[in-house]
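Chemist: I would like the entire structure built from these sequences, with the hints used as guidance.
By the count of my numbering, the sequence shown reaches residue 99 at its end, each step adding exactly one.
A couple of the hints might just be wrong.
For lysine-lysine, the following BS3-like pairs were computed, each having C-alpha atoms within a straight-line distance of at most 25 Å [stated by the list, open to error]:
id	residue 1	residue 2
1	K34	K60
2	K60	K46
3	K52	K92
4	K66	K34
5	K57	K34
6	K46	K66
The set of hints was computed from the structure by calculation and includes no laboratory data.
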Amino acid sequence: MMMVIHGITRGKTLTLLHELERPKYVTQEKDDKDKTYKWGSTPKGARAWFPMHSPASIPAGIVEAVSISKSAAESEG
23 MMMVIHGITR GKTLTLLHEL ERPKYVTQEK DDKDKTYKWG STPKGARAWF PMHSPASIPA
83 GIVEAVSISK SAAESEG
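Modeler: Pasting the structure below:
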């Protein structure tokens, strides 16, 4: 599943995503249609984050970025 994260303004969140990209836990793809970048978990990342089938192991920075993005999308429209 891919999720769009709009307007990353926190440098730490972007740094975290790049750090997770190196060991192939997440992947970044550019959507040529709307010219945005999309981050998504790889199968390796999903296994690492859900070892006990619990979302509690997802890094807090990603949860925060998704929450902010979701709130912004809801307020826009």
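Chemist: Now, for every hint given, state plainly whether the structure supports it.
Modeler: Hint by hint, here is what the structure shows:
1. Taking the CA atoms of K34 and K60, the gap is near 17 Å; set against the 25 Å cutoff, the hint holds.
2. Proximity of K60 to K46 is assessed by CA-CA distance (about 15 Å); at most 25 Å being required, the pair is judged to hold.
3. Between K52 and K92 the alpha-carbon distance is near 20 Å, which keeps this suggested pair within the 25 Å criterion.
4. Annotation: proposed proximity of K66 to K34 holds, straight-line Cα distance about 22 Å (limit 25 Å).
5. Among the hinted pairs, K57 with K34 is consistent with the structure: their alpha-carbon atoms are about 23 Å apart, no more than 25 Å.
6. The straight-line distance between the Cα atoms of K46 and K66 is roughly 7 Å, inside the 25 Å bound, and the hint therefore holds.
In this structure, none of the earlier numbered hints is contradicted; all agree with it.
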